[in-house]
Amino acid sequence: MAAPAAVLLLVFHYLPTLGNIIAFQDYNPFVGDDPLDAFLNSEWIGFGNFEALFRDPLFWDAVRNTLSITAFQLVFFFPLPILLALILNSVVSGRLRGFVQSVVYLPHFFSWVLVVTFFVQMFGGAGLLAQEMRQAGLEPWGIMTNPDTFIVLVTAEAVWKDLGWGAIVFLAALSAIDQNLYEAAAADGAGRWRRLWHITLPGLRPVIVLLLIMRLGDALSVGFEQFILQREAVGREAAEVLDTFVYYQAISTQQWGLGAAAGLFKAVVGLVLILTANKIAHRLGEQGVYAKS
Amino acid sequence: MTAQLSGAGPVPAAPTTAGPPAPPPRRRHPGRPVWAGRPSTSLTIGKGVVLTLLVAAVLVPLWAVLVTSLASRGTIDDAGGMVMIPREFDPSAYITIFSGGDVTRAVWVSTLVTVFGTTVSLVLTVLAAYGLSRPGSVAHRGLLFYFLLTFLIFPGLVPSYLVVTGLGLKDSLWSLILPSAISVFNLVVIRAFFMNVPAELLDSARIDGAGELRILTRIVLPLSKAVIAVVGLFYAVGYWNVYFNAVLYIDSNDKFPIQRVLQSYILAGQSPNVSGASVSLPGVTAYPPTLAVKMAVVVVTVIPAVIIYPFVQRHFTKGVITGAVKG
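Residue numbers (the numbering used here), protein chains in the order written: chain A, 481 to 773; chain B, 167 to 493.
For the record, the hints were derived by calculation from the structure and aren't laboratory data. This one's a predicted model, so the numbers in the text were calculated from it and none came from an experiment. Incorrect hints may appear among the rest.
A few chain A residues that face chain B, going by a derived Cβ cut-off under 7 Å, partial list only [what the hints assert, rightly or not]: (1) P496; (2) I567; (3) F598.
Partial chain A-side listing against chain B, Cβ under 8 Å, derived [stated by the list, open to error]: (4) S573; (5) V583; (6) W592; (7) L594; (8) T597; (9) E663; (10) I708; (11) Y727; (12) W736; (13) G739; (14) L744.
Anything over 10 Å on all C-beta distances counts as not near chain A; from chain B, calculated [as the list claims (entries may be wrong)]: (15) G240; (16) E254; (17) L339; (18) E366; (19) A371; (20) R380.
Don't be surprised by glycine CBs; every beta carbon is placed ideally from N, CA and C.
Chain A on its own, in the form it takes in the complex (with noise of 0.2 Å):
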């Protein structure tokens, strides 16, 4: 029964793994007739691609853009999910929670293009916000185009997302908190802050682990079409990270074998990155992505 998948998988996932040795070729596409066929009379380089590709000082630019964005995102967006699911958790009345809920869960199912043309329209050149501070006699706000901003940007759209969505697991965590804990620890006289302390967050720290490990393992991808789509508005230097130098590399600018060698990078790094988070959060005495066997 599993079958269609499987194939399906092989086909769409397992076969382009493979591909990837073309990392190791100068592809020309040119040279046959598909791409099959021009992959096998493209010419071995060994490690040609790599040598050039760490010797591109854009390449650097986008791995120093991916690494800040995941650094600045890791600090001012990961808490802030734990934050909304604490303080969705102690609202006592269940309309007014169902109804925060469904209406922050809801930018989750947007599109990027949706999301970027939601900002667009409040703080871009023409939108709300810039047309309230012209009639306010102000000098409307750039931050749409700005590229020294565009960190702050990217990662406000990213809160505006999935900060709901981020929340459904810690809550789930939350629920899952025995509630005797807080009793006893209320009856032994333990004030809100402290149960807080010593029983919600100890509580949370598996699944907080967790999704740190996975968000380090990841530490490469920040996100693509978010990036694509901005890009015009507010400059290459600002927005290119790993996975748009890839797509610039391979498929607009031709150079196949370059793209395809940052983009093995990649998956390399990210795959190192989750396997050494995971081993320390077992040596942390946490269960991890997957278990020890």
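Fit chain B to the known structure of chain A by using the hints.
For chain B alone, kept in the frame of chain A given last:
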């Protein structure tokens, strides 16, 4: 406080209709556990402000877009752009985009891809999840590993592009469906749900002579409506939102999905290329306002999610959590 505690016992935090046994002197919300004590006023106000801001951050842009899409040109000119206060109900922007042209076509393309893609994805994912939910079936462990390994190794953009074009899928709507048809995350979520169906139930059906497919459709699926609804929504949203694969693989304008068209209308700053017929529509005298047309496209792109979402939303915690915890 302690006296109250021993009397009332643990009160579930979930909101119930049952009030406290005896009306306490101060007003207490029936959902609040007796031991919790009353929150301080400043904390309550702080939480209220945060939640209000979050709700407003989502609803205000939606409102502005909706109102502007229904505003006349005069209202938009008076406001200097986005309109916040509705003054009239002017559907001309919608008439324009639905009288043929880019948007009408894109809505059809996206609807087709979404309906067909979701069906394909759901059927294949459910079949695979059922096959993998019975430990002891043929090659169970190996297959499970085969599926889960996709979480650790990724193909990368360039080889994926070459495989899709090599299969001759370029400029075909299949390129928007097949490469993303199986989400292993969704598969794991459904599988976790299926594994909770008691084996005795399936065994008794088997003894009665039911085949595997019959067991799946008559017993397992009816018990798993919630998770199927959630996963169906995930898939449908994915297909409706497809943008970048369309940039990669679709070349002809008449196969552009709605997100691609929205992008070209708004972010690329192109002037909308609506059908020529719209100008001479009966009843529409002035040329429809461009901003209203743009906002109408946004509304059309948002609407499917907003309509389906409330029906599925109550299952979220269940669906997402079984996957997250057991995956």
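Taking the hints in turn, this is what the structure says about them:
Below 7 Å, beta-carbon pairs count as interface contacts, and P496/A has one with chain B at about 3 Å; its hint therefore holds. A distance limit of 7 Å between C-beta atoms decides the matter here; for I567/A the minimum to chain B is near 5 Å, and the interface restraint holds. Residue-level restraint check for F598/A holds (minimum Cβ-Cβ distance to chain B is 4 Å; threshold 7 Å). Among the interface hints, the one on S573/A holds; its C-beta lies about 7 Å from the nearest C-beta in chain B, closer than the 8 Å criterion.
For V583/A, the shortest C-beta to C-beta distance to chain B is roughly 5 Å, which falls under 8 Å, so the interface hint holds. Interface hint status for W592/A: upheld, as the beta-carbon distance to the closest one in chain B is roughly 7 Å, under 8 Å. With a cut of 8 Å, the hint placing L594/A at the interface with chain B holds, because the nearest CB-to-CB distance is about 6 Å. Against a cut-off of 8 Å between C-beta atoms, the interface hint on T597/A holds, since the closest Cβ of chain B lies about 5 Å away.
With its C-beta approaching chain B no nearer than about 5 Å, E663/A sits inside the 8 Å limit, and its interface hint holds. The beta carbon of I708/A comes within 7 Å of a beta carbon in chain B, closer than 8 Å, and the hint placing it at the interface holds. A hinted interface residue such as Y727/A counts as satisfied when its beta carbon comes closer than 8 Å to some beta carbon of chain B; here the least separation is about 6 Å, so the hint holds. At a threshold of 8 Å, the smallest CB-CB gap from W736/A to chain B is about 6 Å, leaving the interface hint in force.
The interface hint given for G739/A holds, since its Cβ lies 5 Å from the closest Cβ of chain B, which is under the 8 Å cut-off. The closest approach between the C-beta of L744/A and any C-beta of chain B is roughly 6 Å, which is under the 8 Å cut-off, so the hint is satisfied. No Cβ of chain A approaches the Cβ of G240/B within 10 Å, the least distance being about 16 Å, so the stated non-interface status holds. The Cβ of E254/B lies farther than 10 Å from every Cβ of chain A, with a closest approach of about 20 Å, so its non-interface assignment holds.
Separation of L339/B from chain A is adequate, the least Cβ-Cβ distance of about 15 Å exceeding the 10 Å criterion. The non-interface label for E366/B is consistent with chain A: the shortest C-beta to C-beta separation is roughly 21 Å, beyond 10 Å. In this structure A371/B is separated from chain A by more than 10 Å, as the shortest Cβ-Cβ distance comes to about 16 Å. At the 10 Å boundary, the C-beta of R380/B stays outside the reach of chain A, the nearest C-beta of that chain being 13 Å off.
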